Structures are given as structure tokens and as C-alpha cells.
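**Student:** Each chain, written out:
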Amino acid sequence: MGTGEGGLTLEGIAAEAAAPAPRRRRRLKLATPALLGLPVSWLVVFFLAPLAIVALYSVDVLALFPGPHSFALGGWYRLFHEGYIHLFSRSVKMSLVVSALVVAAAYPLAYFLALSGSRRKYVLLLLLIAPFLTSYLLRVLAWKVILGDQGVINSFLVWTGLRSAGHPLSFLLYSRFAVMLVLGYVWLPFVALPIFVTLESLDTRLLEAASDLGASRLEAFLRVTLPLSLPGLVSAFLFVFIPTVGEFVTPSLVGGTSGYMYGNQIHDLFYAGFPDWETGAVLALFLIGVISALTLVFVRFLRLGDARTI
Amino acid sequence: MDVALSTNGRRLMRLFFALVLVFLYAPIAILLVFSFNKASVPTFPLSGFTLHWYHDFLTNSELQASLETSAEVAAISSVIAVALGILASIGISRSRFRGRGLVTAVLLIPLVIPLVVLGISLLLLFHVLGIQLSILTIAIGHVVISVPYTILVLLPRLGQIDSSLAEAAYDLGAGPVTTFRRVTLPLILPAVVSAFLIAFTTSFDEYAVASFVVGTRPTFPIYLYSALRFPSRLPQVIAVAVVVLTLSMVVVVAAELWRRQAEARLEAAA
Numbered sequence: 000m001g002t003g004e005g006g007l008t009l010e011g012i013a014a015e016a017a018a019p020a021p022r023r024r025r026r027l028k029l030a031t032p033a034l035l036g037l038p039v040s041w042l043v044v045f046f047l048a049p050l051a052i053v054a055l056y057s058v059d060v061l062a063l064f065p066g067p068h069s070f071a072l073g074g075w076y077r078l079f080h081e082g083y084i085h086l087f088s089r090s091v092k093m094s095l096v097v098s099a100l101v102v103a104a105a106y107p108l109a110y111f112l113a114l115s116g117s118r119r120k121y122v123l124l125l126l127l128i129a130p131f132l133t134s135y136l137l138r139v140l141a142w143k144v145i146l147g148d149q150g151v152i153n154s155f156l157v158w159t160g161l162r163s164a165g166h167p168l169s170f171l172l173y174s175r176f177a178v179m180l181v182l183g184y185v186w187l188p189f190v191a192l193p194i195f196v197t198l199e200s201l202d203t204r205l206l207e208a209a210s211d212l213g214a215s216r217l218e219a220f221l222r223v224t225l226p227l228s229l230p231g232l233v234s235a236f237l238f239v240f241i242p243t244v245g246e247f248v249t250p251s252l253v254g255g256t257s258g259y260m261y262g263n264q265i266h267d268l269f270y271a272g273f274p275d276w277e278t279g280a281v282l283a284l285f286l287i288g289v290i291s292a293l294t295l296v297f298v299r300f301l302r303l304g305d306a307r308t309i
Numbered sequence: 000m001d002v003a004l005s006t007n008g009r010r011l012m013r014l015f016f017a018l019v020l021v022f023l024y025a026p027i028a029i030l031l032v033f034s035f036n037k038a039s040v041p042t043f044p045l046s047g048f049t050l051h052w053y054h055d056f057l058t059n060s061e062l063q064a065s066l067e068t069s070a071e072v073a074a075i076s077s078v079i080a081v082a083l084g085i086l087a088s089i090g091i092s093r094s095r096f097r098g099r100g101l102v103t104a105v106l107l108i109p110l111v112i113p114l115v116v117l118g119i120s121l122l123l124l125f126h127v128l129g130i131q132l133s134i135l136t137i138a139i140g141h142v143v144i145s146v147p148y149t150i151l152v153l154l155p156r157l158g159q160i161d162s163s164l165a166e167a168a169y170d171l172g173a174g175p176v177t178t179f180r181r182v183t184l185p186l187i188l189p190a191v192v193s194a195f196l197i198a199f200t201t202s203f204d205e206y207a208v209a210s211f212v213v214g215t216r217p218t219f220p221i222y223l224y225s226a227l228r229f230p231s232r233l234p235q236v237i238a239v240a241v242v243v244l245t246l247s248m249v250v251v252v253a254a255e256l257w258r259r260q261a262e263a264r265l266e267a268a269a
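Chains as they are written, first to last, in numbering that gives the first Met the number 0: chain A, 0 to 309; chain B, 0 to 269.
Hints listed in this document are in silico derivations from the structure and should not be mistaken for laboratory results.
Since we're looking at a predicted model, the values are computed, not measured.
In this text, a Cβ means the ideal position worked out from N, Cα and C, and glycines have one as well.
Just to be clear, a hint being listed does not mean it is correct.
Stretch by stretch, here's where chain B covers chain A in the computed footprint (C-beta under 8 angstroms, at least three residues) [as the list claims (entries may be wrong)]:
| hint | stretch |
| --- | --- |
| 1 | 49-58 |
| 2 | 72-78 |
| 3 | 88-100 |
| 4 | 122-136 |
| 5 | 283-289 |
Examples of chain A residues toward chain B, derived with CB under 8 angstroms [claimed, not checked]:
| hint | residue |
| --- | --- |
| 6 | L35 |
| 7 | L42 |
| 8 | A104 |
| 9 | Y106 |
| 10 | L108 |
| 11 | V151 |
| 12 | S154 |
| 13 | P226 |
| 14 | L229 |
| 15 | V233 |
Generate the whole structure from the sequences, applying the supplied hints.
**Tutor:** Pasting the structure below:
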């Protein structure tokens, strides 16, 4: 910073101009820790340290209720023996289905936008993504209004005489179906984006080459486009799977008891009538452990894929 | 011949695209319709036009207080997040130092952490440190969520601009602050504005983390969530929903169009 002051005078400019280039480069290098210091410390203090505290709670070193405490693995025992693990696998299955469906629906949308050569593609892309950029809670609310026993669909069916009053389609709301529908609705616009980005950077000459060499459109798609868009596909999948597997807001609004998810359990262990922070901490750590492992596997898998195609 | 799509394929995809747009916008349209409906329960048949619910929410002081709280939290957290994001992006983009991968990973990891985990870990941190929960504790959490987004917006833009411009400024005697203010900032300004808007709207809309670290003043999403449990407040909430959804969509789309134009202008000037 001191040199900045001197730089405003003629002498300063002369001195600076005379300074050899390595000095300038060294100064740029010295500035890097200063630049990164604040953001990195913010995340260390308000993100990594809190996770460390969660870890301490999970082994009973820290605890909600005062009293003597020491290292104990009771919470981890409860994770595997009190049904939490079943709830976890049920939530994982729900998220896997939602992510797979959403990615499958988003792929043709992104493909259409990226490869159709339409001049309006950015406008259409924006139209597709815009709902994602608005309030999450309010989009969930919309479905609560639509799916309820007295809601838009059921009252419409009664009104038009398709169903008799008093016999609503009750599976619509407060069910696993409702949770998965709403999660799919919420994430669909966002997922098209990473797929669009990879497809758009695809070199279309490769497709022309494939076609010149006698490949049909389907072959060209299966052997050129699809493999090359795999990174976008996988990151899109992870972008839905990760937030939905830990979701608690949507299931608590439209899930009822049958749509209860692992994230709700974590939330309730911290807030319900009998809070159990130690077990809650275990559940949270287990969740991020599984997510990190999964992410690593996918990333590794993608790297291997790259190596093979080269 | 089009190698990517046959004529029929194109037609089919256009139809699918249209159907998806209907699926995405129909629920919002339904809210719009029922926000003007007289009955206090959103059911068919429609029972007449009214502005009653809009009037109700304009006079609901609890609701307005929550909107103000959210605006405060969003303003604080987005300013901090953008400042940190600018520092981090310049730091990452400028040099290839050892540990760059690790630092980038730390800065971006919050993207792949479920919000419920972020929420409880912050709750435990403030509990252990004995910090009173307030709008500041929410803002702190929102900064953690937003910083990665700001970096993802700023980093590509920094990669586009010619690094010799900043070097020229140094050679002409400008210090790091002057160089940033007079050279780098104007060039990345469109991206800074979009990063700010993303951080602001993310915070304004964030419920999960806020629900764990909220103090005595509820934010707008927290107010909404609690209002959803009272059926009598539903029509009013629907009216608010329409206003918020419309406003946020207009702002976001306008901002994105402006950013494209501004960056194109900067490209043309360079």
C-alpha cells in the first residue's frame, strides 16, 4: 500500500518504472495472502469451526445439558440401532428418484436450447430458469394450495362432477408423492443450466464429422454428444441430489408423516419437545460424510472417463 | 442436414419445452388467480373479484416488520458476501500459488453442504460462544451461503479481462487500491452487480439456516412459514406471494439483461 502513495508523485512513477519486473511480480504475489485472508478466515470461523463443534457434540465431548461429559459413541450407536439409518436410506431413495427424473427431463430441454441453433436461446433459457430465482417457500406454498383436500385440483374435480364431494384424492398432499413432486418442481429449472453449459461448449464439428462418417443421429448422440456431456449431467445430478437429501422445509410443508425425511429428523432432534443435540450432531455428520464420499466417487469416475476418451 | 435434431425431433422438443414451461408457470398463475378471489379458501368455483387480500397485507404490521427485517439481513449479508467474494476471486484468479486448490475448495464447499447441517452447526457455534441470536447471526449464516455464489459469478469475468491492463496501471505507478478502483472494478462491475443481486435475493428468501439462528425478529420467510400453519391467513399470504414472485422475477430478468448489455458494451470498448 505504501508504494501506492509514492506512485502519485513524479519521483514515485520514475522509481516504479525503473523497478525491475520481478519486484512487481513479487508484490503481486505478496498481495495474494492479503486478498484471500479475510474470505478464508470467514469460512474457517463460521463454517469449518462450527462443523468441528458438531463433531465434538457427536462424540459427547460437548453436550446440551450440563454435567460431567467424556468421549462416548452412544450417538453413533443410536444412528445404526434406532431406525435413523432406515429413514436415511428412504430419504436417499426419494432424492435419487427425484434427481434422476429431473435430470432426465432437463436434458432434452438443455439439448434443445443448446443445439437447435435458435437465436432466442438465451431468452428461452432465462424463461426456464426465472422461477428458480424466486422465492422457494412461495413455490412450495403454490403446491400446497393446489394439492390440498380442499385445494385447487380436488375442488375442481368436485365442481366439474368428476368426483363426488367428500371423497378427495387425498394422496395428493401430505404424502411422499407430494414431496417428490414439489422437489422436482423446485429443482427442474436449475438443473437445465449445467447441462446447457456443457452442451453449448460442445464442438458441433464433431457431430458433423460423425455424420460424414455415416453415423445416424442416434449413433452420433450416443457415441459423441452423450459421453461429452457426461460431466454436465453428473454435476446436474449432484446439484439436485445434495440439497434434496438433506431437505426438511418441503417435507415439513407438504410431506405429512409419510413424507418425513432425514433432514426433518435432524431438525427435530434440535427443536422438538425432547432435544437430543448429540444424536442430531451424529446424524448431520453422517449426512455430510455420505455426501462427500458420493461426490468424490462421481468426480473420480468422471476423471477416469476423461482419461479413457483421450 | 441438421446433425443434432431431425425436423420431427425439433417439433417434439419444442412441444416438450412448452409443456415444461406450463408446468413451471401454472402454479404461479394459479396463485395469481386466487389472490383476487373473494372466498377465504382457495377452492373452485371462483367466487368473485376482490382486492381485499392485498389491502389486508398492506395493513399487516407484523408482515411489514418481517419484510424490513429481511431487507436489513439481506443488505448486510450481501454487501459482506460481495466484498469477500471480490477479494477471494481476485486472489484466486491472479496467481497460481501452492494450496490454491485447497483454498478454492474451502471457499466453494458450502455449495455442497445441506442447509440443515449449516444451520445446526452455526447454532452450536453461537451456543458454545454464548452469542445472542439476532439478525446479525442470520446475516453471518447468509454470508457463508452466498460467498461461493459471488465467486462463481465473479471468477469467470475476471478470467475474461486482460491482466495486462492491471499490470499497466502498476507500471504507471498506481497502487493496488487505485488499480482496483480505476481499472479492475469498472471492468467487472456488471458481474459485481449480479453477484450482489444473487446474494441479496438468496438471503431474502433463505429459510432453512435462518430458522436455526433467528433471534427475536423473524425474517420474511420465517413469518411466511409460520403463517402457513394458519388457514385463515392463507389468502393474504397468497397475495404477498404474487407480489414477491412477480417483483423478484422482474428484477432478476431485468438485471440479467442489463448485465449482458453492459458486458457487451465493455467488450466493444476494449
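**Student:** If you look at each residue in the stretch 283-289 of chain A, do at least three have a Cβ nearer than 8 angstroms to any Cβ of chain B?
**Tutor:** holds (count 3)
**Student:** The hint names P226/A as touching chain B; please verify it with the least Cβ-Cβ distance against 8 angstroms.
**Tutor:** For P226/A, the interface hint is violated, since the closest Cβ of chain B sits about 15 angstroms away, which is over 8 angstroms.
**Student:** Using Cβ atoms only, decide whether Y106/A comes closer than 8 angstroms to chain B, and label the hint accordingly.
**Tutor:** violated (11 angstroms)
**Student:** Once the shortest beta carbon distance from V151/A to chain B is found, is it less than 8 angstroms?
**Tutor:** holds (6 angstroms)
**Student:** Measuring from the C-beta of L42/A to each C-beta in chain B, is the shortest one below 8 angstroms?
**Tutor:** Hint on L42/A: holds, closest Cβ of chain B at ~6 angstroms, below 8 angstroms.
**Student:** Against chain B, run the beta carbon of S154/A and see if the smallest gap drops under 8 angstroms.
**Tutor:** This interface hint holds because 4 angstroms falls under the 8 angstroms limit.
**Student:** Using a Cβ cutoff of 8 angstroms, are there at least 3 residues of the stretch 72-78 of chain A near chain B, or does the coverage claim fail?
**Tutor:** Violated: only 0 residues of the stretch 72-78 of chain A have a Cβ under 8 angstroms from chain B.
**Student:** Confirm or reject the coverage of the stretch 49-58 of chain A by chain B under the rule of 3 or more residues with a beta carbon closer than 8 angstroms to the chain's beta carbons.
**Tutor:** Holds: 5 residues of the stretch 49-58 of chain A have a Cβ under 8 angstroms from chain B.
**Student:** For the hint on V233/A, does the least C-beta distance to chain B fall short of 8 angstroms?
**Tutor:** violated (13 angstroms)
**Student:** Going by Cβ atoms only, is A104/A closer than 8 angstroms to chain B?
**Tutor:** holds (7 angstroms)
**Student:** Answer holds if the nearest beta-carbon of chain B is closer than 8 angstroms to that of L108/A; otherwise answer violated.
**Tutor:** holds (6 angstroms)
**Student:** Confirm or reject the coverage of the stretch 122-136 of chain A by chain B under the rule of 3 or more residues with a beta carbon closer than 8 angstroms to the chain's beta carbons.
**Tutor:** Check passed, 11 qualifying residues.
This entry does not satisfy hints 2, 3, 9, 13, 14, 15, going by the numbered hints stated previously.
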